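Chains as they are written, first to last, in UniProt numbering: chain A, 1 to 383; chain B, 1 to 383; chain C, 1 to 383; chain D, 1 to 383.
Please note: incorrect hints may appear among the correct ones.
Said to hold, decoys possible - Derived pair list, reagent style DSS-like, types lysine-lysine, alpha-carbon separation capped at 25 Å:
id, chain 1, residue 1, chain 2, residue 2
1, B, K200, C, K293
2, C, K291, B, K329
3, B, K291, C, K329
The set of hints was computed from the structure by calculation and includes no laboratory data. Please read all numbers here as calculations on a predicted model, not as lab measurements.
Protein chains: 4
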Amino acid sequence: MHLKDKYGVVRQRSETICAPLKTEDYVVQPVVDVSPPKWHLGHTTWFFETFLLKPNVPDYTEFDADYNFVFNSYYESVGARVIRTNRGNLSRPAVEDIMRYREYVDKAMLHLLEHELPANLQALVVLGLNHEEQHQELLLTDIKYILGHNPLFPAYDKQRKPAAAPVHDGPEWLEMPEGMYSIGYEGEGFCFDNEQQRHKVFLQQYRISTDLVTNAEYLDFMAAGGYTDFRYWHAEGWDWVKQQQVNAPLYWHEVDGRWMYYTWQGLQPVDGDAPVCHISYYEATAYAAWKGKRLPTEFEWEAAAPQLQWGTRWEWTESAYLPYPGFTKAPGAIGEYNGKFMVSQMVLRGGSEVTPPDHSRITYRNFFHPNLRWQFTGIRLAQ
Amino acid sequence: MHLKDKYGVVRQRSETICAPLKTEDYVVQPVVDVSPPKWHLGHTTWFFETFLLKPNVPDYTEFDADYNFVFNSYYESVGARVIRTNRGNLSRPAVEDIMRYREYVDKAMLHLLEHELPANLQALVVLGLNHEEQHQELLLTDIKYILGHNPLFPAYDKQRKPAAAPVHDGPEWLEMPEGMYSIGYEGEGFCFDNEQQRHKVFLQQYRISTDLVTNAEYLDFMAAGGYTDFRYWHAEGWDWVKQQQVNAPLYWHEVDGRWMYYTWQGLQPVDGDAPVCHISYYEATAYAAWKGKRLPTEFEWEAAAPQLQWGTRWEWTESAYLPYPGFTKAPGAIGEYNGKFMVSQMVLRGGSEVTPPDHSRITYRNFFHPNLRWQFTGIRLAQ
Amino acid sequence: MHLKDKYGVVRQRSETICAPLKTEDYVVQPVVDVSPPKWHLGHTTWFFETFLLKPNVPDYTEFDADYNFVFNSYYESVGARVIRTNRGNLSRPAVEDIMRYREYVDKAMLHLLEHELPANLQALVVLGLNHEEQHQELLLTDIKYILGHNPLFPAYDKQRKPAAAPVHDGPEWLEMPEGMYSIGYEGEGFCFDNEQQRHKVFLQQYRISTDLVTNAEYLDFMAAGGYTDFRYWHAEGWDWVKQQQVNAPLYWHEVDGRWMYYTWQGLQPVDGDAPVCHISYYEATAYAAWKGKRLPTEFEWEAAAPQLQWGTRWEWTESAYLPYPGFTKAPGAIGEYNGKFMVSQMVLRGGSEVTPPDHSRITYRNFFHPNLRWQFTGIRLAQ
Amino acid sequence: MHLKDKYGVVRQRSETICAPLKTEDYVVQPVVDVSPPKWHLGHTTWFFETFLLKPNVPDYTEFDADYNFVFNSYYESVGARVIRTNRGNLSRPAVEDIMRYREYVDKAMLHLLEHELPANLQALVVLGLNHEEQHQELLLTDIKYILGHNPLFPAYDKQRKPAAAPVHDGPEWLEMPEGMYSIGYEGEGFCFDNEQQRHKVFLQQYRISTDLVTNAEYLDFMAAGGYTDFRYWHAEGWDWVKQQQVNAPLYWHEVDGRWMYYTWQGLQPVDGDAPVCHISYYEATAYAAWKGKRLPTEFEWEAAAPQLQWGTRWEWTESAYLPYPGFTKAPGAIGEYNGKFMVSQMVLRGGSEVTPPDHSRITYRNFFHPNLRWQFTGIRLAQ
C-alpha cells in the first residue's frame, strides 16, 4: 500500500476503535498503567506533529503550543510533560478539541505525503504508524480496563466475542532439536530497534506446547490450591498474591459460586475452552511450576514460532528484556523508544486479539513488568 | 416559599452551576477531596431517592439499583460504596444518565410534595435541600480546582469576577466586652444538628478585625519571608510547608516575577485589594503570628458577627470542631451527618462567594482539616 | 528541696528507670513515637548542656560537637538534627558514651548550682528538670513498648505490679453545678506555659464519674461488638479500626480464648478490676458512645478534679489542645516547647502510674494525637 | 580439611568479624536490606539447628522454641517469622543470648560431626557452611552500612585498608573469539543449585576490559554531568536518580569541595586508583553508556574469567537472574534457597573484598535488584 493510503487507514482505525465510547469513557485513568483514550488519540497525533511536521514543514503552524506538555509521553528530550498519574485528571483538551487536532495534523501530513519523501522521513512516518498501532492495542486494552472496572460493567460491543483457541490437529508438543538458531529481524520491512541485530543463538533440545493453556486448565490450577501454595511462586510473586489478595485472573468474579469474567460483551460465564488471559508473569510461572513445566525463553519461542499457531495472547517468556548483541539506540528523541526500558521487565512474544492486523511478527518483542495483567497475556508451556 | 417551589429552585441551581462545563469536566477527580461534578449531581439525587422516596412512596421504583453503590458518600448504614479515591475513575453512569436520574427523581419528589407531608418528612426534605446547597458550594469549589489545575487554565465564566472586599467605614477593630454570650442556633428555621444546643459561653474581653486580610497584606507576609521562618508555624504546619514546598496560596503562580492567580476568568494578576483566599489553617495562623495577633475562636466570631460584614470567605477560627453541650446525633443514617466528623478538624465561620444565597447564618459551623485550601478560605484577626 | 539536691534526685531517677535494661534495649525504636532509651538519656542531658552550660558557663567545653545533631529533638532554632524515624538506626553514641556524657554534664551543672543563680537561670534549670521528668514518663512508656512488642515478651521487673484502681466509697457520679470556674495555673510553683493564663470559664451543669472505666467494663464493650459497629465511632476512628484491624486495647493478646496482656511482669491474664489502659481517643469516645455517655471537657475535669481520685491513667478529654486566652510563647528556643503543637491533638488530664512523683498537678495538660495508645491512657465518663 | 574442622573455622570467622563491634552495633537495621549483626549470628545458627540437629539428632533439645520465629529468614515451609522490616526493632534475644545459642548448637554439631555422616547430611552441612559464608559477606556489608550511616562515622578497624586495584601488565582489552563456551558448574566440589546445569552457550566475538573502572574514571563521569543527563540512563534509573537525589556512589560525601568516602577506617579522601565501589546497576550502565561501551553478559564474564584478575568487587553484568537450562529446585525447604528469587534481579559475578576466602568461584552467581548499592559492587566494561 502506498504510504499515504497506509497513513489514512491506520489513523482511521484509532478512531473506529473509540467509536463505541461515550465522551466520559475517553477521560478516566483508573490506574497508572491505563491512559485515557483521548490521551492516546492526542499523543499519537503529537508524534507526527513533533517529529515530522514541526521539523520538516517550514510553514507549519503548531495547533496549540500547550499540547506538547499534555501529550508528550516519556521523551525527556522534548521537554516537560504532565506526570503520568495525572493524565486522568485533565478534562481538557476535550475530546472534540483532540478530534480537531487529529484532523488538523492529518491534513498537513497528507499534504506532506503527496510528494515522495526522503528515506529517513519515510522511515519516520512508518515508525509513527507502527507507534500508532501499538497505541491501538493499548487503546483496546485500556478501554477494557476502564469499562471492566466500572461497577456497572457496561459492554464495549455486544456482538464482539473474545478470541477462541485455534483448533489444530497434530501432536501436543513440538520437538525442537539442539542447535544454532538465528534470532532477530532481518529484511526490508519495518521492525523496531529492539529486534536487531539478527544473531546466532545456541539452544539445547526442548519441547514447546502447540496449544495455549485454557481457562479450564487454569481452573484446575485454582481448584488445586495454586494461589495458596507458596511453593509454586517466586518470592516477589508470593508477596504480590498476598498483598493484592489475588485468587484468579484479572476480570474474573465469583458470582454465586460460579466464575464469571468481564468481556467485550459485559459480564459472561468463563469459557473453559478459551485460552486463559490477563495473568501476570508470576501467575504464568506458578502455573508452569504446578504442571512441572516451565515457560519457553524468547529464543525458544522465536525458533519454534513458524510451526506454531499464535496471535490470540501475548505469551510470557522466561526471558528478561535485554539488548541483543550489537544493539544501538538511534540518536535523538527517537532513540528513547525502546532501549531505556531494558531493565526489570520480561519479554512477551506473539501478539493478541487486540493487535492490529499485520502489526506483529515472529521477531516482535513486547515487554512488561512481571506483575502486570491488563494486557491480553497468556501461557504456553515448554519443557 | 412553598416547599415544592423551594425544591424546584434549589434543584435547578445545581444544574445551572454546571451549565458552563464540557462533558469531560464532569468526570475527573484530580485529588481525593475533589469529587467529579457528575458525582455531586448524582449523590444529591440519591439522597432524596434513598431517604424520601424509597422508604415513603410505596409504589416507587428505584431508578437503578447499582446507583446506591456509586452515589453513597459516607453513610455506613446504607451499604457498600465506591471508595472515595475511585470516584474519578468511573466514566459511567454518563452525564446524560445522571440527568435522566435527576429528572426521574424530581418527578417523583414533586409528586410527593403536592400533598402536605408530615413534619418529619418535611424536615427531611429541608435537610435534603440544605444538603444539596452544601454540594452546590462544593461543586463550585471542585470545578475551580478541576479547571484551575488544568495546564490550559480554561475559564469557567469569562464575565464572573471574584469577590471584592466589602467597603466599610468605621474603626478597624471591634471591641467586645467581657461577659456571657449565647452561642448556637435557636428558632424556627432550619439549622444543622451541630449548631445546637444553644448555650452560654463566657468570653474575656477581646478585639476582632472588621476587615479580612487582603492579598496585598498577605504579599507583605510573603515578602517578609513568612514561608521560610519556622517561628510562625505550628510544627505540623512547618512540615507541611516543607514537604509540599508551599510558598503562596493555592492557585497562585509566579510568572515572570509577577504573581498571577487562577480565577473564574482564567489566569489573572493578583488583585491586592481582594481578600486573600485559598489558604490553609496553618497559613492563617502563621500570618496571624507574624502580625503578633491570633485568630478568633468560633465563639468570639459568633458573638461579634452581627456587627461584622462577612460572607466572601470562609474564615478559619482557633476552635476545633467539637460537639456543643447537649449535642445528640439523630437516630439512623441521618445521624451520620455531622457528629462523626468531630475530631481533628478546625471550625470555619461565615460563608463565601460560592455559598448559595440564604444558606449560611451566624451560627453555621463549617469544618475542614487544617491543611486544606481548596475552599474559599480567608483570615480575620483577633487579639 | 534545694535546687542542687533536686537536680541530683531527678537526674538519678532516669538512670534508675533504665537499670533493669540490657544494653540492646537502649537502642531500638520499634515505631516512630517510641524513642530509644539511650536517646532519652542523651537528649535530657543535651537540654542542660545547650540551654544552661554553653550559654552561661564561659569556660565550658562541649562534650562532643556531634551530639547536638544526634540529641536535638525538635528545636528548629538549635540546628539540624537526626530525623525522628532515624533514632533507632544509630548504634553510636553507645550507652557507655552517653553515661559518660551524663556524668560530664552533671559535674558541670552541679558546679554551676553551687552558687545562687539569677532567677531566669533558676527557672531554666527547673524547666530542664520538669523536662527530664516528662522524659522519665516517656522512658517507661517506651520501654514497655519495646519489651511488650518483642516476641519473647521479656519482663521489665518481675515484682512490679500494674496500677490498681483506687478504692473509694461514696456515689458513682459527682454532680457539678452550673457556674463560673477558674481554669489554669496560678501560684509560685512551676508550671508549663500551656497551663497559663488562669482564666474564667462558664460550665453548664454536669456529672462526672468518680471511677475510671475498668477492664471488666471494657470487656463488656468488646463482647457487645463495640469494635464492629461503626455507629459508636468517629469516621476517622472507624477507618483506623479497619485499617489497623484493632479489636482490643494495645498489649492485649487473645491466647486460647482468654485475654492476656503484657505488663511489667510479662504476659499476664487481664485483671478485670484494673482501670483499662492503652486505648486511643477513638476507643475512649466509642466506649462512651456505647454507654450513652461522653468524655468530660478538660475544663470540666479541672473543675471537678479536687473531688476526684486520679493519677493512675492519663484521661482523654473531649477538648482539643488549643491555647488559653492570653497564651504567649517564650522568646527563643524555649518558646518551641508547647505552642507549636497546638493543632490536631487532644488534651489528656491527670497523670499515670509512670508519672514521676509530684510531677503532675490539677492544671497539667498533656496532649496526644487521637490514634495513639502507647501512653498509659484511660477513660473517665461524663454526662 | 575435615568437615568438623571446616565447621569450626567457618563458625569462628563469623564471630571474629563481629569482634570490633560494640553491643549496640549488633542491634540496628537502618534500612530494610541491612540485617542486624546479631540476627546474622542467630540465623546462621538456626540453619544448623533446624535442618541438621532437629531432624537428625533424636535426643536433641531445642535451645529456645521462640527462636524459630525470630531467626527464620524467608523459608515459608518452616513457619511464621518476624517480618523483615522488624528485625531492627528486637532488642531481645540479647547478643549474649545468641552467643550462648551458638555455643549450644556448635557443641551439638561438633558432636554430630565426630561420626561419618551419610552423604545427604554431609551435603547439608556443607550447604550450611556456604550459607554462613554468604552471611559473613553480608555481615561486613551490613556493618559498613551501620557504621557508615552513623553521623559520628566510627571506624570499624583503623588498620584495615580498602581493596586496591590489582596491578597487571598487558593489554587493556581481552579479545574473545566467537564460539561455543561451556557455562555453569561441573565437578566434585560444592556449588549452589543456580550454577547448574553446565551447558553450552554460543557467544559472538567480544572484548572485555582487563581492569575494573577506578574512582578517578568515575569522577570523570561525574564531572562530565553523568548524573544530570538522562540519555545515559534507563528510564527507571533516571527516576531513581531524581527521586533519591543521587549524585555520587554510596558512602561518598562532598566536604568543602572535596570528595570523601566512608571506609573501614572512617571518613577518608577518595582514592582515585581504587576500583569504584557501592554503585547500582543503573549507575554501572549509565557509566558504560557514557563511555560508549556496555557491561558484559554473565556468560561473557564466565568465559573470560580465567584470563582476568577479579575478586575485589562484585561486578554487575547485563544478565538478568534466570534459571539455567535444566535447573531444578531441591525438594523441601532447601529448595527455597535460590529459585524463588529468579525474577527482577541482575546477576553479579566475581567476588569482593568481603567475600570469605575460597567462597567464590568462576561459576558463582550473585544477584541483586538494580537499585541496590550497599554491596561492594563495581564495573567492568565490555564492547
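Verification of the supplied hints:
no., hint, in the structure
1, K200(B) x K293(C), "21 Å, holds"
2, K291(C) x K329(B), "14 Å, holds"
3, K291(B) x K329(C), "14 Å, holds"
In summary, the structure agrees with every hint in the numbered list given earlier.
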